[in-house]
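Protein sequences appear in the order of chains A and B. Under numbering that gives the first Met the number 0, the first residue of the first sequence is numbered 0, with each subsequent residue one higher. Under numbering that gives the first Met the number 0, the first residue of the second sequence is numbered 0, with each subsequent residue one higher.
These are computed hints drawn from the structure, not numbers from a lab. Idealized CB from N, CA, C, for every residue including glycine. Do not take every clue at face value.
With a cut-off of at most 25 Å between alpha-carbon atoms, the simulated SDA-like pairs for lysine to any residue come out as follows [claimed, not checked]:
no., chain 1, residue 1, chain 2, residue 2
1, A, K164, B, T533
2, B, K497, B, E129
3, B, K94, B, E129
4, B, K161, A, E129
5, A, K36, B, G202
6, B, K497, B, P185
7, B, K161, A, L128
8, B, K186, B, G202
9, A, K72, A, L42
10, A, K36, B, L529
11, B, K346, B, F367
12, B, K161, B, K259
13, B, K497, B, D446
14, B, K187, B, Q482
15, A, K36, A, F85
16, B, K497, A, L118
17, A, K57, A, K36
18, B, K161, A, T131
19, B, K259, B, N424
20, A, K48, A, L189
21, B, K349, B, E321
22, B, K95, B, A126
23, B, K469, B, G202
24, B, K497, A, G127
25, B, K186, B, V485
26, B, K497, A, L128
27, B, K259, B, G422
28, B, K460, B, G488
29, B, K161, A, W132
30, B, K326, B, H347
Far from chain B, by Cβ distances over 10 Å, these chain A residues were calculated [claimed, not checked]:
no., residue
31, L11
32, S21
33, V47
34, L56
35, K57
36, I78
37, Y84
38, L160
39, K164
40, R166
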Amino acid sequence: MTVFHFLNCAALTFGPHVVYYSATPLSEYDTIGTCVKAAVVYLGTALVKLVCLATFLKVPENDKFDPYQELMKIFIGFIDVAGLYFALTQLTHRNISQNHKFQAVGLGWAFADSVLHRLAPLWIGARGLEFTWEYIFQGLEANANLVMTLSLAALGSLMWLRKNKPRTLVPIIYACALLLATMPSITSYLRRSLEWQTPRVVGFELFSSLAMAFISWQLFSACQRTM
Amino acid sequence: MSISSSSGDVLASALAVLLVLLACVELGDAAAAVSVYRLIQYDLAGAPLGSRAASVNHHAAALPLPAGADLSRSALVAPLLDLPLAFLREYLVQKKHLGALLILLPEKFNDKDAAANNDGNGQLKGALAELEKLLLHEEVPYPVYFAFQDDNFDNLLADIRKIASSGQPASATTGGYKLVVSSPEPKKVASPIISNIQGWLPGLKGEGDTEQLPTIAIVANYDTFGAAPELSVGSDSNGSGAVALLEIARLFSRLYSNPKTRGKYNLLFGLTSGGPYNYNGTNKWLRSFDQRVRESIDHAICLNSVGSWNDELWMHVSKPPENPYIKQIFEDFSDVSKEMGVSVGIKHKKINVSNPRVAWEHEQFSRFRVTALSLSELSSPPEFLESTGGLYDTRESADAESITRTVRVVSESLARHIYGLKGRNFDVFAENSSLAINPRYIQSWLDLLSRTPRVAPFLQKNDPFIAALKKELSEHTADVYVQSDVLDGMFTFYDATKANLNVYQVASVTFDLLFLLVLGSYLIVLFSFLVITTRGLDDLINIFRRPPSRKVKGA
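Extracted from the complex, chain A is given alone in its bound form (with noise of 0.2 Å):
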């Protein structure tokens, strides 16, 4: 019974994923390649990341929210946008449209930090015979942050791949893509300062996730329009 729960939570993680692949054109356009090439920066990135984390972060004492420590967390989190930038433009594609490669980067990089944030835990608790809702909800935060990724991606593409855009919504842009990449660490400040329970924050990003991405696909096609 606890291997079918394992199972459960492991499609609910990681099935929307696949899910996304197979039912847009990115199947079509077989654009494996590019995900896979996305996954690899994203373990680089990851890498570069934890050695700085390691380098610049004092072991916290007490519980509380410093500041200075999230600000540098906020900086290195950073990283994770050079990161997208590395992959977005430097790395050599297959003739494919604008359009799919941020969704192949997106993708590829999502599913690469699924993988390696919550397949551990998940194959190592869910399989036990205790039940807790926790890995119900790692699931929802991996869909949460697909489509964040997405978005990123996109608004990143905006940010680096075109050259056109319309003036006003440059700022727009920058603003949403900062907002983007500082998610992590607004979770982190209503986890722990504000202290919200898991519900309630995993239900926080959800929100905030189709609201990002609504407001990227908006962008996203007021940018395609003037093309």
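Since the structure of chain A is provided, determine the placement of chain B on it from the hints.
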């Protein structure tokens, strides 16, 4: 395009289903791990008795039971006072099956600092005694464990009752709590060893004394037997006797250390084992002696349960009280006790040689034709496997003052006998003298014994406790020797006396299936949504039509 509204719909319906799921399984505590102690498992002359199984993997149930509950697949968790014995007896007699039984003992037994209040105690003691008697003499085919009741268990019981009151007994299909004890299969203890520890205080042999000096033996058994071997600390039965013996040995070793005050009697101290089993150990110990040594024993004083009396101590004999030896010893005791303000009564019980039941330790001596008596607070002989250090017999049931009083009675009488002080009215072991009885010594040894479960088959030959007793005795006496022997074949014991209980909160099968359904529909909805938004509705329909024509590759 109404992506946001359709996604909003999806989210709303998902939340609704989530709430339904939440109603099925309550958020509870994380898994807890508790130490539990198993009911003893033993064979008596081939008849299996006690709890015959050890591992538990059942759903938890609590009293009051919902109607029509099938307990053969549940583990019943019951606090001691809530468990009606009639119910248990009915289950045992009718050979109805329980998955497992977990009896929760009140915490007071584990808390040495709690002051014993007498009003609740009587009921508790009675309930425990009855429960022990029932469980010890029956064959229980399922595991029975004891644990101490604390807040976790209170919460657990409340939760189980809440789930049960919703009408569904705990089982695999409805979720609830699961109790898991993963214990190896209980194996027989191969050769249970009983170790008797003896020490001598040799008396003063005068010039020209060719004959052997007479010996006075002071004996007490130190082992216990109870429903839960890991909890059998037997403070009163017979930790009190063993501690009294150690103090008497200490006092007389001070007297005997100086040749001027050494008496003309040898003193033999024996800490015997195998008491609950008809004093089998004492028998083997006496048998191991040379016949001349045995014959030199003038008389033996056996101490049994001397830890909780106030005014009256009993002297049990097998020779008639008119016997001159017995009479003289009794007079010594009476004189001393009268001076102390307590009384010693005498009880005579004839030995039936054909009856294998040995109720008092002195009867083993009598069978070897050695004059002996047993000093005890009990006025009647205990039944087989009763008063041997059961669940109730913890530190609170014995007190150092009673043991001190016993030590005074025995040692003063002994001193008057050895040194011929009859009629002279003074205390050898007076207060504030260098020979004063040391209550702190008694207390610290009583504390130690009350922390050490001492069921003989589970004490190895090289157990640190036996080594500690041996070391202590050698501080006071000479020629300390540990005589080990195998317990008689009538008893067979099984191990696996202690285990760890894990309490898990499990979700029901229906929950998992429901979740799978929700997940499946979510993924299907997501798939359709993505296909419609990126490729168009026609493509979605085309997937399901699956015509024999090949898939159109995008140009």
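Violations among the numbered hints, reported as their numbers in ascending order: 5, 8, 12, 16, 17, 31, 32
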